[in-house]
Amino acid sequence: MEFLTEIAQQIIFGAVIGCVYALVAICFVLIYKATDIINFAQGEMVVFSTFISYSLVVTYHLPYWQVFIISFTISWFMGMLIESTVFRRLIGAPHLNALMVSVAVGMIIRNATGHIWTFDDLRLPPPFSDKVFQLPLGLVVSPLFIGILSVAIAVMVVLFIFLNKTKAGLSIRATSQNVNAARLMGVPVSRVFSISWGLSAGIGSIAGILIAPLLILNVGMFIVILKALVAAVLGGFGSLPGAILGGILLGVLENLVGTYLPNWVKHILVWAILLIVIIVMPQGLLGVRKQKRV
Amino acid sequence: MNRDQYYAWPKIILYCLVGLMIIRVPIFFGDYFVFVFSIICVYIIVAFGMNLLAGYSGMLSLGHQAFFGIGAYAVAILSTRIPGFPFPVALLIGGFLSALIGYLLGFSALRTSGVYLAIATIAFGMIMGEIFTEWSALTGGPNGLSVVPPTIGSIQFKSSVEMFYFILIITAILFFLGMNLISSNIGRAFIALRESEISAQSYGISLVKTKTLAFAISALYVGVAGGLYAYLIKYISPIDFSLLIGIEFVVIVVVGGLGTISGSIIGAIILFALPQLFAGFTDWQEMVTGAVLLFVILFLPEGLGGSLHRAASRLWASVSKETEH
Chain A
0 MEFLTEIAQQ
10 IIFGAVIGCV
20 YALVAICFVL
30 IYKATDIINF
40 AQGEMVVFST
50 FISYSLVVTY
60 HLPYWQVFII
70 SFTISWFMGM
80 LIESTVFRRL
90 IGAPHLNALM
100 VSVAVGMIIR
110 NATGHIWTFD
120 DLRLPPPFSD
130 KVFQLPLGLV
140 VSPLFIGILS
150 VAIAVMVVLF
160 IFLNKTKAGL
170 SIRATSQNVN
180 AARLMGVPVS
190 RVFSISWGLS
200 AGIGSIAGIL
210 IAPLLILNVG
220 MFIVILKALV
230 AAVLGGFGSL
240 PGAILGGILL
250 GVLENLVGTY
260 LPNWVKHILV
270 WAILLIVIIV
280 MPQGLLGVRK
290 QKRV
Chain B
0 MNRDQYYAWP
10 KIILYCLVGL
20 MIIRVPIFFG
30 DYFVFVFSII
40 CVYIIVAFGM
50 NLLAGYSGML
60 SLGHQAFFGI
70 GAYAVAILST
80 RIPGFPFPVA
90 LLIGGFLSAL
100 IGYLLGFSAL
110 RTSGVYLAIA
120 TIAFGMIMGE
130 IFTEWSALTG
140 GPNGLSVVPP
150 TIGSIQFKSS
160 VEMFYFILII
170 TAILFFLGMN
180 LISSNIGRAF
190 IALRESEISA
200 QSYGISLVKT
210 KTLAFAISAL
220 YVGVAGGLYA
230 YLIKYISPID
240 FSLLIGIEFV
250 VIVVVGGLGT
260 ISGSIIGAII
270 LFALPQLFAG
280 FTDWQEMVTG
290 AVLLFVILFL
300 PEGLGGSLHR
310 AASRLWASVS
320 KETEH
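In order, the protein sequences belong to chains A and B.
The first sequence maps to residues 0 to 293 in numbering that gives the first Met the number 0.
The second sequence maps to residues 0 to 324 in numbering that gives the first Met the number 0.
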């Protein structure tokens with residue numbers, strides 16, 4: 000019984016972290032669906048936004064709900080700026096060029112983050128109390144974990160309503176299916192691109208605030224964010240439900256393995272999953288296999 | 000006189016002059032610059048290996064820091080555990096070990112390509128990075144390993160000048176072999192595969208053999224470079240083989256120009272020699288590297304090497320036109 004409780008406990012913890020992975024995985028997928036670019040600068044964008052949140056919290060002492068909104072807005076415009084200055088030039092360019100450009104943008108953002116703030120480690124105070132309380136069956140949770148979970152789920156719900164019920168959402172979905180057809184139907188494709196980038200950057204900023212209190216905030220945090228790429232691939236790149244499923248699955252798996260097996264297994268596991276998924280089933284769990292034509 | 004012969008003589012003279020200059024380097028410059036020149040040589044080998052894969056075969060790998068690490072750790076472990084271990088054997092063991100692992104990684108290129116392959120190689124690089132960190136019994140873990148100077152028999156390369164000549168000779172050998180490889184049928188198979196897998200296959204080029212071979216040879220180069228790097232900096236730790244290093248490797252060939260060897264050399268010099276000359280520059284290096292990369296991809300898609308090549312041939316054409324009249 001105790002063993003089961005412990006497993007349940009670890010699954011809950013994993014699912015919470017997995018939700019944050021899922022949020023960042025959604026960022027990857029949004030940009031990928033709209034512009035066909037896998038944005039390797041996503042991790043750095045999240046870290047940059049998190050440093051903004053850090054300033055708002057620690058320097059300006061703003062309450063957290065304002066931090067979420069301001070950070071989201073600033074990041075939104077940052078995302079649109081990056082899209083309009085850099086990535087719009089790459090529409091139709093070979094995929095590897097876009098990849099290397101996103102790597103370059105990532106390097107620039109990472110270094111800028113260090114110079115604007117610091118290259119040292121910081122601690123972002125948690126947005127919710129991390130005092131644990133007892134649940135029935137011997138489980139424990141803290142308001143922090145419940146808060147992370149509920150914010151993450153709220154963001155996903157809002158995103159799904161946005162994509163499925165609004166006109167802007169409809170144009171994003173149309174563009175992701177076929178850019179040319181969407182353009183011919185009068186969808187302002189370039190605006191869709193910038194909305195997708197803004198949305199990704201904004202969601203990334205929320206994910207950053209949620210995960211940073213559990214980690215150390217520094218410019219190297221992008222590596223953790225990069226794990227969300229694994230979640231996106233696991234779920235099937237280009238599928239939003241897949242990104243969520245992949246994120247939660249990855250979080251749970253990582254936590255369970257980290258508890259019962261030596262630490263190095265946990266570190267290797269994530270990347271081993273990525274390698275195996277790409278080689279064995281590149282379409283992921285919920286993705287669609289693309290057929291290559293001559 | 001055909002065009003190739005027409006080009007050949009100035010080129011040979013130029014190479015001899017450059018070679019002579021490089022050999023005289025230690026006399027003109029201080030120890031530190033000799034060290035920088037040695038580092039450049041190491042990166043030229045890396046760039047050659049990366050270019051073989053990315054430039055000639057069209058497969059981008061962001062995990063080659065792992066091969067660099069395999070070569071470096073092989074050299075470090077052999078040279079410290081077995082005193083007097085001959086360096087050519089250590090370098091070859093490191094090179095062939097990474098070639099073997101590169102060969103195996105090459106099979107992933109049969110299942111995926113392009114961006115997905117790049118992600119798969121990131122995963123591979125991260126896994127190897129964790130192994131370097133966690134297998135502390137062998138690799139010394141995060142503390143790293145110190146490396147004994149290269150030894151063969153009673154000869155030991157200790158000073159930075161000896162080290163420079165040592166690395167220079169190996170670079171020259173690898174360069175010579177690589178140039179021949181590129182112009183052989185294997186090199187042409189790589190290029191054919193890059194242009195179109197399907198048409199290459201229809202000409203009888205084996206996808207399996209060629210792709211895995213490209214990975215193996217490129218891993219061999221990077222592995223040997225890693226071994227030289229270990230000898231050169233005398234101390235290695237997992238930080239030397241992180242994802243960021245793998246990205247730097249790709250940046251060298253992309254900035255220099257994919258598919259041009261001169262480009263790789265230019266890339267290695269620009270990105271790794273220039274920073275060494277400016278003190279206090281290291282803080283900004285990443286931003287400058289990123290900005291250069293961004294600029295090159297957006298405005299000089301052929302890379303610096305490719306653009307210079309074109310400018311040079313335009314100049315050459317105008318000069319030869321003048322002489323015809």
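Don't read these hints as lab results, they were simulated from the structure.
Wrong hints could be hidden among the right ones.
Stated by the list, open to error - When the alpha-carbon atoms are kept at most 25 Å apart in a straight line, the in silico SDA-like pairs for lysine to any residue are as follows:
id : chain 1 : residue 1 : chain 2 : residue 2
1  : A       : Lys32     : B       : Ser261
2  : A       : Lys265    : B       : Thr132
3  : B       : Lys233    : B       : Phe106
Claimed, not checked - If we take Cβ atoms under 10 Å as the criterion, some of the chain B residues that face chain A in the derived model are:
id : residue
4  : Ile38
5  : Phe106
6  : Gly113
7  : Ala117
8  : Phe123
9  : Ala171
10 : Ile172
11 : Leu176
12 : Ala191
13 : Asp282
14 : Val291
As the list claims (entries may be wrong) - Coverage of chain B stretches by chain A, computed from C-beta distances (three or more under 8 Å per stretch; other residues unrestricted):
id : region
15 : 138–148
16 : 220–228
Model, not experiment: these values are computed from the prediction.
The beta carbon of each residue, even a glycine, is placed where N, CA and C say it ideally should be.
Hints breached by this structure: 1, 3, 4, 9, 10, 11, 12, 15, 16
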